Amino acid sequence: MLSRIQDNMRYIVLAIIAVILFVLIICPLGAIFATALFQDGKLNIAGAIDVVVQSENAQMIANSLFLGALVVIVSTLIATPLAYLFSRTRFAKYKIFDIIFMIPFMTPPFIASMGWILFMQKRGLLQQVFPMFKGSEDFFFSIAGLVIVMSLHSFPFMFTLLKNAMLNIPSSLEESAQVFGAGFGQRLRKIFFPLLTSNYAIGALLIFVKTLSEYGTPATLGVRIGFDVFTTQIHRYATVAPVHFGNAAALSSVLIGICVVMWLLQNYISNRKSYNLVSGKGSRFKFEELSKLALVVAWIYIIVTIFFSIIVPFFAIISTSLINLRGLGLALGNFTFQHYIDLFTSNSKGIGAIINSLILAVAAASICAVLGTIIVVVIRKIRPKALGTLTEGVSLLPSFLPSIVMVLGIMIFWNALYDVAPLYNTLGILVLAYVVLYLPYTIQYVTSAAGQISDSLQDAARVFGAKPLYILRRVVFPLIKPGILTAWIMTFIISFRELVTASLIAPPNVLVVSTFIVREFEQGSVSVGMAMAVICVAFTTISLTLLNKAVDKQKVAE
Amino acid sequence: MSHINIKLLDIEKSYGSKQVIFPSTLIIEDSSFTTLLGPSGCGKTTLLRMIAGLETPNAGEIYFDDTCIYSSKQNINIPPEKRGLGFVFQDFALWPHMTVFENVAFGLRAAKRTDQLEQKVKDALKAVRLENFADRYPHQLSGGQQQRVAFARAIVIKPSCILFDEPLSALDAQLREQMRAEITVLVSELGVTAVFVTHDQVEAMSMSDKIAVLSEGHIEQYASPEEVYSDPQTEFVAKFVGNSNWIDDKHMFRPEHAQLTPIDNAHKYQVEVLFQQFLGYTFQSHTKFQDQVWFLNTKQKMDVGSHIDVYVPDNKVISFS
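Protein chains in written order, with this note's numbering: chain A, 536 to 1093; chain B, 6 to 326.
No lab work stands behind these hints: they were computed from the structure. Bear in mind the structure is a predicted one, so any value in this text is a computation, not a measurement. It is possible that part of the hints are untrue.
[Stated by the list, open to error] Here chain B is said to cover these stretches of chain A; the calculated rule only asks that three of the stretch's residues, wherever they fall, bring their Cβ under 8 Å from a Cβ of chain B:
#, stretch
1, 705-713
2, 726-737
[Stated by the list, open to error] Here are some chain B residues the structure puts well away from chain A; computed CB gaps all over 12 Å:
#, residue
3, ASP71
4, GLU123
5, ALA178
6, ARG185
7, ASP214
Using N, Cα and C, we set each Cβ at its ideal position, and we do this for glycine too.
Next up, chain A with everything else stripped away, as it sits in the complex:
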């Protein structure tokens, strides 16, 4: 009897979740397709196609695809030697580099991109220190510069993926090739690379999709060189008067189509080519010996990569935030902490932005944590299983699509709904958008934490007389708590510095940290903007460190 009520409760909760997800995720996506295909209430496919093929948009699409391909290639070139060094040679022992190489990936792209602009622009930091680089800005402010800045952001992802793939190849597979007569080149060609292909393909597709979805760098650097991509063009259609939601939606639909194709391709590859590589018994791992020369080259390569991916942008951001009078540039006596002090004292907009970001981040993280945890707990026990899988799939959908697309959908949908639910043009719409975008993270973290709870743990609790809610409180919840905590902080961090959502749907005159930085960078005091950028990165980094400490502590406690 009791369990019957329990079951019914579960289905009621599931129904509520389904409604929430439908409104939050499915409706906005539907709104995009509807807006793209219908004009004045009539189906108008030709109109949508016209938008896409008109010359500036066709050019933009070509730009995006070209940029995506180049970023994949350059990221690969940067990441592959590093992955090899840190998996197959003694460098693998220096775990600290795993963290160092995550820094560029964790830095918000728009901030790194601003750092590069400040460093490379005419009379920028580079030319102030080394006047002989006059003219180098011509090289940088081109597609080459854009590709390099974006690749320096995304290579850590490829690095981690390739490194783990290489670690999964037992040394004996290479050694056996060696014993049976294959030289170094032959081993790379016939053993090493074929075994990496599927992992590499997956990484390449992910970086391609990420590049196409990226807004921060194209919006800061790309715009300066007149290089339009999907995200900047959609943003323009949706925000610059006269607003063209129809055009934005048509381009978004194309972008969704490209992403779907990429994901299908990725799925196909990972299903077709997955070898069971990790063999347990007797697998030994032997590091490749490096000659003295190779060792020197390796160190130089690592240092150069760190220099360009971390030191240059951070040097530019930090030094700019400390410069008193921009006209004097980098000069002794021209440094001040005044911009930081201003931010917290006289600059009401700055303080307002920080407070807004904090409110938004706390609200989004808390709602995600609650909603995500409920979803995971409920769908674990739902029968038929497909129902649970479907619910989970819908909730994860936003993580497979560019954020700008989701946000555009939310914009159109809630705009249309304004008379019924006046959420649009309030902070509430931002919270809602963050919840939609970052719910997948919570689901993933909590699901993986819940994965360690085997059925027998719950069965054991039942045998010893625990009722379902008691099991939830005493067994399930304590075990998934670290997952929830991680999810909360991750959502907090990314919400705190999110750019594209805020710049699309923040109410007029409401600034958050990211939009404040962009505004100061473009038309205010660059130094104040960079001071805020430093605070933003420092604050999120500290939060992340505290999180790791907390999670480690929990693990020890267990």
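Knowing the structure of chain A, use the given hints to seat chain B on it.
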């Protein structure tokens, strides 16, 4: 197939400050089946990998017949791919992205010996009774079949020597026994020199012409299985190979030499029966002599706790100084 002798002369190896092989000399006779036997960490695998070229010694010389393939003094170090050996790895090391056929053909292709490639690969697969599995991938095979592919891959290149690195340890007990017989028969048919690494003394005793017993980087004894068993040169060998009953720190005998009835030229010892197990062909008793446990094989069951007299012939007692 051709066959070679292998000479390891004053070979030594250390990793950082840890010496894993102390200066050792070992002559492996051609066409012989030689086993490197010892507990884990004794250096047996390192020694094998140095023969293959997968590890580089710190000093010493290695010869295949009269050809120097490694010499620290002359600065010679032929890389593994030029040594022309067969190798069967502990985890089999089959390439998961290649079919059985391609796995076996690899060595021939790498050396560009592609004439009659198909026939040679088929012959090798036939020798291990896998001729119908050529198009399968490794993960579609059982452990024993993977093991045989690894073996076919080693014999197809007609090496002058095949090295085995604990190839049976990944298999279950029954399969291990079967493969033991198969490998021994095939190796002797091929007439090739074989070097076999194992920590399992039964494997070593049953397969080898000669056994080198290793302990902590030293070769303790290098002799035929019979000699190693009946005339162990060190206490370690006596303890590691077979059961040994210790009279005191320096004197031991093998269990089968003990008698329960009085005989000439023998010493009498009184022992207490602790535990007994029936093994089918014998009862094996664990008995207590002073603070030692002795194994005894008896035809009839004995009561636990009873005291019995044991006679050990003087000439069967082995002494260590």
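Here is what the structure says about each hint:
1. For the stretch 705-713 of chain A, the stated coverage by chain B holds: 7 residues have a C-beta nearer than 8 Å to a C-beta of that chain, and at least 3 were required.
2. A count of 3 residues in the stretch 726-737 of chain A with a Cβ less than 8 Å from any Cβ of chain B is obtained; the coverage claim is therefore met, three being the minimum.
3. In this structure ASP71(B) is separated from chain A by more than 12 Å, as the shortest Cβ-Cβ distance comes to about 22 Å.
4. Its beta-carbon lying about 18 Å from the closest one in chain A, GLU123(B) satisfies the requirement of being farther than 12 Å from that chain.
5. Its beta-carbon lying about 14 Å from the closest one in chain A, ALA178(B) satisfies the requirement of being farther than 12 Å from that chain.
6. With a least beta-carbon separation of about 17 Å from chain A, ARG185(B) lies farther than 12 Å from that chain, consistent with its non-interface assignment.
7. Annotated as non-interface, ASP214(B) keeps its C-beta farther than 12 Å from every C-beta of chain A; the closest such distance is 23 Å.
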